[in-house]
Structures are given as C-alpha cells and as structure tokens.
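J.: Sequence:
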Amino acid sequence: MRWWVKARRVHWVLPPTLAAFAVLVAMLHNLTTFLPAFSSGGAVQVRASLFIPVCLASGLMMCLESRLEAPEHAAQRRVTLLDIGLTVTFVTAAMALSLASAVLTTSPEPLAIGRNTVFLTGLMLVARRWAGPPAVMAPFAWIMAVLFVGFRTPNDPRPWTIIPEPVDAVHAALGSGVMFTIGLIAQLHTSRKLA
-18 MRWWVKARRV
-8 HWVLPPTLAA
2 FAVLVAMLHN
12 LTTFLPAFSS
22 GGAVQVRASL
32 FIPVCLASGL
42 MMCLESRLEA
52 PEHAAQRRVT
62 LLDIGLTVTF
72 VTAAMALSLA
82 SAVLTTSPEP
92 LAIGRNTVFL
102 TGLMLVARRW
112 AGPPAVMAPF
122 AWIMAVLFVG
132 FRTPNDPRPW
142 TIIPEPVDAV
152 HAALGSGVMF
162 TIGLIAQLHT
172 SRKLA
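Everything in the sequence shown is counted per the working numbering, starting at -18 for the first residue and increasing by one.
Calculated from the structure, these hints are not laboratory results.
Treat the hints loosely; a few may be bogus.
Below, simulated SDA-like cross-link-like pairs (lysine to any residue); rule was C-alpha separation at most 25 Å, straight line [stated by the list, open to error]:
(1) Lys(-13) <-> Phe32
(2) Lys(-13) <-> Thr61
(3) Lys(-13) <-> Pro(-3)
(4) Lys(-13) <-> Leu63
(5) Lys(-13) <-> Arg48
(6) Lys(-13) <-> Ala81
(7) Lys(-13) <-> Leu169
(8) Lys(-13) <-> Pro114
(9) Lys(-13) <-> Gly113
(10) Lys(-13) <-> Val69
(11) Lys(-13) <-> Leu(-1)
(12) Lys(-13) <-> Thr73
(13) Lys(-13) <-> Ala29
(14) Lys(-13) <-> Ala83
(15) Lys(-13) <-> Ala1
(16) Lys(-13) <-> Leu62
(17) Lys(-13) <-> Gly66
(18) Lys(-13) <-> Thr70
(19) Lys(-13) <-> Phe121
(20) Lys(-13) <-> Arg59
(21) Lys(-13) <-> Ala0
(22) Lys(-13) <-> Ala74
(23) Lys(-13) <-> His170
(24) Lys(-13) <-> Cys36
(25) Lys(-13) <-> Pro115
(26) Lys(-13) <-> Ala167
(27) Lys(-13) <-> Met43
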C-alpha cells in the first residue's frame, strides 16, 4: 500500500489540489461572465465556476498516470481497486468541499460545482479508456463545446450540456451520476489494460 501511495504521489497531489479547489469554489461561485457562442447568436452569460472542476480532474489524472509498471504487474493487492478508491476519494472530497461552501455562503451555487465535478471526472475517465493521458483535456473540451454550441439563447442551455444547468435540475444530477458510474467502469477496464 505504501508503494502505491508513493507511486501515485497522492500525498503530494491530493492536498494541494483540494486546497485549490476549495479556494476557487469560495472565490468564484457567484462570478458570471459573458463568453462568445455560436449557437445563441452572440455571447452567453456563464458562471466562471464551470472551469473549477478542471483543476480537480487534472490532479486526479496526474495521480492515475503516475505508475510503476513492474511492481504493479506483480502486486498482491488489486491496484485497480486502489485507483478506483482514489477516484472516489477525490470526488467525495470535492462534493464535501462544495457542500461546506454552500452552507458557509448560504448559496446553492457551490452544489452545482460539486455536481459538475462528478460529471466531468466521469467524462475524463471514459475518455482515458481510449485516449490515455491526453484524456485530461476531455473536461475542458466539453466546457468549450457547451460554450460554443450548448445554448439556445444567452441564458438557456440545452439539456444535454449538464454543467450550466441550475443546481436543482434533476436531469443534470442524474446525468452526472450516470457519467461517473460509467467512468468508474471504464477505469476498471483501463487499469486492467494498462497493468
């Protein structure tokens, strides 16, 4: 177990990533900006917090791609299950930080950041199955797709976009849960493929 923690650099990556996530959630949860979009015929008003989950997904990918090939091939413990546990820990911590920020600021917006983190992490894990380390760009690519073609009007996102939906959108919560579950299944097969 100790070699796995060192190989994944969990003790170096997890605390600063979660600290950055917490600071960004606290600072940007209510900040909105106008960005160009193709589908709505001009600019769309989006929350700056859409970009926050990218920092957590990047930290997670850094840990997952830090491997020691030979020891992992001969490991007695299931490295795949440890990796899945790491992923669940990252996402659970992000959800807890989002909930704490929502309580402290009395604003529901941080809860949407937690939901988006779940969705974008699952998307990254699915992309990692086929793309490997470059899948770290999948969350950012999704955000760009949403910004450019995901809005009908400047304040009306299409249902498939998930991340700009309001915090109480049931389909966004369900979509995030489904994407994360598929991502964990993909991670199970990806780790087997890499090991």
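J.: Checking against the hints above, which ones are violated?
T.: 1, 6, 13, 14, 19
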